[in-house]
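Taken in sequence, the protein lines are chains U and H. Heads up: the first sequence begins at 0 in numbering that gives the first Met the number 0, then just goes up one per residue. Heads up: the second sequence begins at 0 in numbering that gives the first Met the number 0, then just goes up one per residue.
If you're looking for bench data, these hints aren't it; they were derived computationally from the structure. Errors might be hidden in some of the hints.
[Said to hold, decoys possible] A short, non-exhaustive set of chain U residues, derived as facing chain H with CB atoms under 10 Å:
{"id": "1", "residue": "Lys361"}
{"id": "2", "residue": "Asp364"}
{"id": "3", "residue": "Gln371"}
{"id": "4", "residue": "Glu373"}
{"id": "5", "residue": "Ser386"}
{"id": "6", "residue": "Ser392"}
{"id": "7", "residue": "Gly397"}
{"id": "8", "residue": "Ser441"}
{"id": "9", "residue": "Ala443"}
{"id": "10", "residue": "Lys454"}
{"id": "11", "residue": "Leu562"}
{"id": "12", "residue": "Val563"}
From the three backbone atoms N, C-alpha and C, an ideal C-beta is built for every residue, glycine too.
One letter stands for each residue in the lines below.
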Amino acid sequence: MKINHRIIFVLACLVEGSTAKESFDYHSVRAKQAVVADISGKQEGESLPLKGKSRVQGMRNFGPQWSGDSHLLWNGIVGEVMETSFQVSKTRRHRFTAVLTLAPDYGIFTVHLNGMVIREGVDLYARGVELAQPLDLGEFEFKAGPQQLSFTLTGGNPQARKFRGTGYLMGIDYLVVKNLEPKEETSEKPKLGAIVAEKAATLKEVQPLLAKYCYNCHGDKPKVKGKVNLKALAARSDFLKNVKVSRLGAEAVGYGEMPPEDEKQPSSDERKKIASFLYGVVDEYAKANTTMEPVVMRRFNRYEYNNAVRDLLQLRGDIYALPEKVVRGNKYFNPASGVLPNKVRVSNRTLGKNQVELQILKDVDPFAVDLQAEHGFNNQGEQLSTSTILLESLLKLGRSIVNSPQFDGYSGLWNSFFKEDGKPVKERLKPFLEQAFRGPVSEATLERYATYHDKEKGRTKSYTQAMKNVVAAVLSSPKFLYLVENKQDADERTQVNDYELAQRLALFLWSSIPDEELMNAARRGELRNNEAIDKQVRRMLLDRRSRALSENFARQWLRLDQLVTAVPDFDRFEEYYARIGCEQWKFGLQTMVEPLLLFESIQVEDRSIMLLIDSNYAYRSNELQAWYTNPKNPFGNKQNRNRFNTKIQDFSRRTLNRRREGGIITTAAILTMTSTPLRTSPIKRGAWVATVIFNDPPPPPPDVVPEIEEDDAAIAASGLTIRQRLKEHASNQSCASCHAKIDHLGFVLESYDPVGRWRDKYAGGLPVDASGKLFGEDEFKNIVEFKDAILARPEEFMRGFSEHLLSYALGRELKVTDKPAIDRITRKVMADHGRFSTVVVEIAKSLPFRNKTNQKER
Amino acid sequence: MNVLKHNLLPRRSFLRGCGATLALPFLDVMQAKAEKGSTAPRRLAFFYTPNGVAQKAWNPTETGLNFALSPTLKPLEKMRKKISLHTNLDRIKVPGTDGHAQAGACYLSTARPDELSPAGYPLKRTIDQVIADVAGQSTAFRSLELSCNSYTDNRESVYFDNISWYGHGHVARSIKDPRQAFNRLFAVHEHQANASVLDLVLADAKDLQPKLGRLDQNKLGEYLESVRTVEQQIERITKRQDDIRDLDLEEPGKLWTTMQRDEYIQVMGDLMILALQTDLTRVSSMMVAPERWDTPLMFHGLFDKPIRHHGWTHNQNKEQVLSDLEKLDLFHIEQYARLVTKMDTIQEGEGTLLDNMMFVMGSGLSSGFHHTCNNLPTLIAGSGGGLFETNHHEKHPEGTPIANLWLSMAKGMGVKTNRIGDSTGVIKDWAV
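One chain only, chain H, in its complex shape (with noise of 0.2 Å):
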């Protein structure tokens, strides 16, 4: 599947940490695919926010088309056309285990209450996993999770700081560093490296698999699951070299730890839409920063000194506070305006990337004040390839499980199945 064209532009550095000013020479890919009259295939994304949103400016006052975006959605303005909002949509919190743990960790599982891991949370194989492993049985990387999570402490435990998994107990690490996202995606070499070993270390898997107790059979299992997809990741990606060497790109340049929030979040940003552009992956998750995490952070050009967003959120009952924390939204909102514009000037076909995606936005909790999680902040860009109205305020019914969002998607993007977690049914009115 030779999509790339060959040697269309000099050496690429535009990764070399400018992230924030420089944008990407997007690539004619997916028009060149279009053209040989295959349809491109539909793409999801999601753009993960911690810790809730400050209600009152996120919330708009009118729903149905061309609704009158809310204060902290302004940025969308030129996008809105592309852009749909969902309000009402709920997930379940079950006592036990902590709010923003829960948040974080099974938004995108939204188990069952009765549905419980072993460690106490509502959390089962996600979403983007569900879906990658249908969509992403063509593509070199069945899923790519990344992070922008720049804290050097380790406060917090793993629920806090990953949204995707495998299944209970068994993550989808997220990558931090954009150089090793970079590497991952782009250098053959270091995946075909790989391979001589591998049998070897099966051999002795499967050694081990008859002394093994049940729990332990999971944990292998987990790494049995790793071995064979990295075998599949280096078939695949090595029918893809040569597009990749043609793609003639530079690593990034600057090191993630001395990025400001937004160039970190920018560079990161592109990485995903290269990845999604270049049909090495048709699922990808970002989790733009961990849940709750209360180790102040700079955020600059914003604030002159480090905040704690956690600490924000329960304090928002002050005026002050609350003025600060949707000016934290907005920045958010920003950076998620400015990937939807740049996936929105990549032709694909008669349109666009944008146009093929559902770039989701969201957060596991609605308010941080009082961890609620009716409500819960969604957006959409993109419409998978036309399966719903965009530049749409779609007001659910009160109640509604975000499951059905995620049923929605899952069908959309070729699952066959009737239940995602607590889902209750599919989102009316979408092609699915």
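Looking at chain U on its own, in the form it has when it is part of the complex (with noise of 0.2 Å):
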């Protein structure tokens, strides 16, 4: 379920007036924010495109100057140049300024500006590594676009030691291009509405609008439509009564859902006034109903339970391999390092070589995947059961990791805990005990688990393998499995403990178990504020386990799932298969791991989430490049028989030319996993964008759906496209105001075929007609335009995607209740550009993060 409140976007954009306004660039939001904020025309060397040798080097082991953390890196002999170019928007007098890298092995550069020479003799050269001060390079027309910029490397500081006894290195932190005639540019800092709601408007005044529009169908005729009467709600106080209807009512206007298109149609004004009344509604009953939709205890799934274990044991690695994790190689993954390199070499694990999975730890296999929900995640309490067969799957799998041959020299803890030392159990027993089931431990349980050890041990007469035993019992008990909570002390409303806390940020933020720190925090009392968690939150994602988020969250965010069985018709789309001795391969195997690694660029870097929608970069293997490049001939002359790749290989950081690439919505992988085996599947993907992008989800189809052809060749035989064939769909059902949602989404998309690559023309020469309205207002005639009209209304992705990372933090779904925290989060994050570590901090001091309810009768 989405709770919204999107008009009030639409308002401040309204309060501000309707010039347009400069867009923001979500490229600049990066990790080290020092300097940005006051820095207009700031370019990272970084984000410059990467010509020959350049590339980008992350800086935080040298210290914290470096903004981004990072700086673009080039090497030469004497003589090469280093090549680039920076972007100029406006035709005006700027002042340019370079700041550079300097180092022992740094050489003395000339720099060429659109061909001039506009400084000789730059030397990088210094003992240690270090940031020079900015270079001030001079005052230059610029005209808008791009600029050229070269440094030829002459020669290097008697001091200078050469970089492989050959030549000398430079890095360029980034560039400062200052427009020196600013009167006309809006502001320095960039323009965003300020989310306040105009004042909302009463029901005498809307009542009247919704006589002329609405009681048509929903209240004069005795049958109404979607059992929704309006006119039967006379009062206000009808309206909070009805608070669904007045939610999906403010929603379905305001988006221009409703009226349906061809029904009288009310201007902007009446329609936002209709759903700011609507709207004022919702937040009455938000502000009225403190009491939270309770959580509901949940189970570990199976990713959870492999981390939770891998941490618990301190093992080396994990204890069995799952289609889950989708991208294979973890070492690439340092957020710390505050980049995700250049070049990463992964593999994909769910479509890639051993799909039937080796084990990892012998005679050790995961239980049965837990399904996601309809509009959410696999981890909500109501639908983790514990079945009579899981429960003797788990019993199976907790004695089956520690009785695992591999088991004694994977374990940290061998010498610790398994190793007899003479220290009594009970000692080793009380701190394991404590992280296991996160929170102090009674006397009776530590002395029931010590009996347990004295019975297995004489019983086996080994120490070692009656503490197996016990661990075996710890991995099967309910205080290990569930995220239990003390519901007891709980009002309608009251703040977690500190333990509690400890373990949902462990398992929002890492699907696994407190550390030892997070635990110590908890014991001292220390998370009991805003600051505390801050800090708590921002180390936790400095963690390498916060690759969770990409590998739990954000594969089941995308649905990437779909991928897997996609297949693309096998004759049309050939080239998405290569046979490597007896199996297919897809190429799905490399698509798949292009929205990831984007997702965990924009993570490790703290880039604005934005970039998930608008990207200038893209990591990419040589051939996904020449899928999307050269999509004629992809592969040049090779057959079916390793036609492609279908191993380990290197996916690298691309910067991309054209915007139709980009972000996430337009990667191969989405587009390929929402077409049908011979078409494009518009419904699928509108339904795909409204759900993911905006959390908005379309109600699931009406009974009465009759399909279109399966194949877009029978369509054209018809000489329509696949648009015009359904909007004939559409206009034959009573589908139209679901259509009115999710069409125009889809029809953008037209412009890629079933596998993800551009087209201007159908294969039967029809052309794509790619143009709609976004929301029944903005109006894009293109990939680009849809884009930008995204970006211009920035609150409605970054409060989609805060839904989802909320929903998939609490384990639940969302509901109207929460709507003043998903409001709070909302306004820090658009304040702070998208800034992804943004969006986890604040979901992690969101009041429904930090409260439970006791789930009383309601």
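Combine both chains into one complex, guided by the hints.
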């Protein structure tokens, strides 16, 4: 379920006036922000186009002073030239400054700008690795567009040592291109709509509008449409009583989904009036109903179980291989470095080699996967039951882990826990149980486990085996398997205690149990204020375990599982398949990695989540790059056998020149999995965008859903495009309001074929029409304008994303009563331009995350 | 209760993954039992196919005894004397949750529309579980849930993938891997190895109880119920361990993920039959495929490309699609018929296992085209030991709840109740 307040942004725009705003460059949001805020026209070295030997280097190891914790690095021999370029948006006079890196093996350079020498003898030598003072390169009349910048290596300082004995290096932290005629610039700070709702309209103002535009279907006739009778809601209190109707109405009207296209349409002002009244009702309801939706005690899913056991027993790796971990290879993921390396060597576990996974620990098998909720994640207590069969699997699993022949060398606890050393067993068990059960352990519990150890020691004649049997029991205990919170001490809304917050945080950020530091913070009672939570969350985000956000959250959020079984038609999309040995492989095994690496780069580099909509870079293998840039012949002359690489390979960060690429929506992975074998499916694509991007899932399709032809060739034969065919289909049905929501979101992606490659025309020659309106208002002609339309209303995606992540963090669906919290989170995220860590921190600090309710009957 | 004869056959490797071609070496267990003067117990099993059936080819024109089989039912010709067909049985769909999810998850409970679960489904303890409460009191396993869902993506939610539920929010998970099913039934030592930790985890659960809220109590209740069932299973399967040892079975050799559809369904069916035949359980359900799951799936030998069953059902107003859909329905009936035939070769006293079965083939939708729930396709093989007439097409009065059939079956299986879900009474002429 979604909860929304989208109209407020529209209102905010209205307040500001209708002048087009300067769009904000979300690429400027980076991990290190100390200097960014007051420098306009700043262009990070690592964001500049990389040519030749240029690459990005993470600099956090050398100190905190590098902007974005990284710089552009180049090396060469004397006479070679480092080339790049930067963008200027207005034809104006600018001051041009460069901030470069100094180091013992850096050279002396001549700087060229657009072919002219602008500075000679720039010596980058220093005894240590440090950041130079800004180098003022002068004032220039720039024409809007790209500016060519190059550095010729002319030699080295006598004291400098040569890099690899032959040449020298250079590094650009960032460039500043400052407009010297700023009067026409709107502001140095990006302008964002202050999220303040205009005064909501009153029922008296709105009722005539409802009568004019709505009652016809929702009240006047004996058979009211959708069982919504607005005429019967005479007083504000009636709207409050029917808050669901109010909320859905606010969204439908605010979004331009209602009234249906063929009915009388309200003016923009009237539309906003109706929506603002209805949202006002929802807000009033949420304020008056402070009881939160309860979180049902949830059990670990198998991914979380793996992580929890790994961390509890200090294992060197996973206990079993899971298809849920899509990107195989983890060395590259190091959030403490602040940079996702330019090149990462990975393969795809889900679609790659060893689809039938080899065991990591002998005889250890995962339990069955828990399925995702229809509009949520697979961590909702209500849907995570423990059946007899599952309990049997869990009991066996606990035993098989500790008794696996490889276990002894695999656990870091061997010496301190499993090996006998004469210390009393209880002394060892106490801290172990506290970590396993995420809280203080009673004397009675400790006694029980110690007694069990004695008994097992007597039976097996082995201290170690008895200890293993204790661990097997711990791993099967409900205290380990469930996220237990004491609800009896809770009122309608009570702050969770420190231990409970610690385990909520660990499960949210790491899909695991708290580490010692978090447990200690809980013991000391330090998790009660925002500063402490802020500090812990940021620490945890810098830990490698935070990869769980990509592996568990992002994968489910994007519904990437659906790519596993996408089967573009074998004859028509032959190049999607490669036969190796007796197995058929799908190119999806490469495309699936792209959106996840983009997500990880945003997470690790703490960039803006708006890059998920529109990024100027992507991680791609060479073959994947060719898939986009040379769609007719991506793999050269390679035939079915060995057409593409199915193994581990380099995915490199590539600067994208065309904005029709970039972000996640236009990745081949998403576009392929939302198509059917013989054609695209604008409905599936539209529903995906509505659900994933805006968290506004369409209701389930009505019972009467005639499908359209399975092959677009058959549609083309009747002289129609899919779009025209769907139009016919929608007008045949009483489905217009839903289609109003999803059609335009799907049609805009018609520019991409069923396997995600660009097309201007359909195979039959008919032109693609990708135009439409976002939220029934903002017109776009093509995908680039569509992305711009989303960027121009960043709140929509920021809210949608925050809702998904909050729902994931809580392990439940969101309800109307969560709206104030979501409003607050969105406001903070907006103010920080969508910075990833801000979304996470604000969710961790939010009221629903820090509180519990005692689930009394209501 | 040593009903298995000793050392009947050499080591049995019938489940090596060739289920499609090799028949079970059926054991004469129940006959042994009958000889001792006791009657064979009634048993119940379900064979659930998703997305409804193509109506025209399914519905016969004749009713009553010895009716002429419709095209889709033709594969049952040889077994017709032991089959009955029911038409005009309905389920009620409620708005708010997906039609296919309801079709699967609520098929066997058909709760009244005013008995919605918190998630909005008319879902309660399903009929197989209600019956297992009674019929499973002495068997090693109270029930056995199997599934032939071979999709490798996790596209749909739990509601699409399960027909058996202990209650709302508490799914009776099905086993998809034949090896796992095999080991659950016959690896006695694995059950026994579970015993030692049960007291400990039970004590932990009791610690938690006073802390929990109302909804959490339900979740812990599921855990406790499972612990108790595991305990019971250990006790009961230990009593049967000699029988099982003497069976000397070998686990299925072939990996299930490499099996073709027919092979997979038959291997799972064989395991189900074996469990019923050896009286390890008296209640079983088998979900042949999950609801909706629009992912293309390969049916070897039937279609040369992976097909979307669900997609087809919405496209069956086209001739070619309809004919393909009928072909798929026919395939499912063939699979069912093969299992029915196998059951009928197992002697039990004067009759066969099949005679003592009620083996239901059905779907939670009648037609997938409009998600219709009226006139659900319903076949029963066997007569539950003579509870009703076979070789018969019973056309019920319009609007008869399918819950009436569930009620009749429950009574036949010994459940003392007068209502199941939205039932209004038992099926007429049933000896219950």
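Tell me, in ascending order, the numbers of any earlier hints that this structure violates. 1
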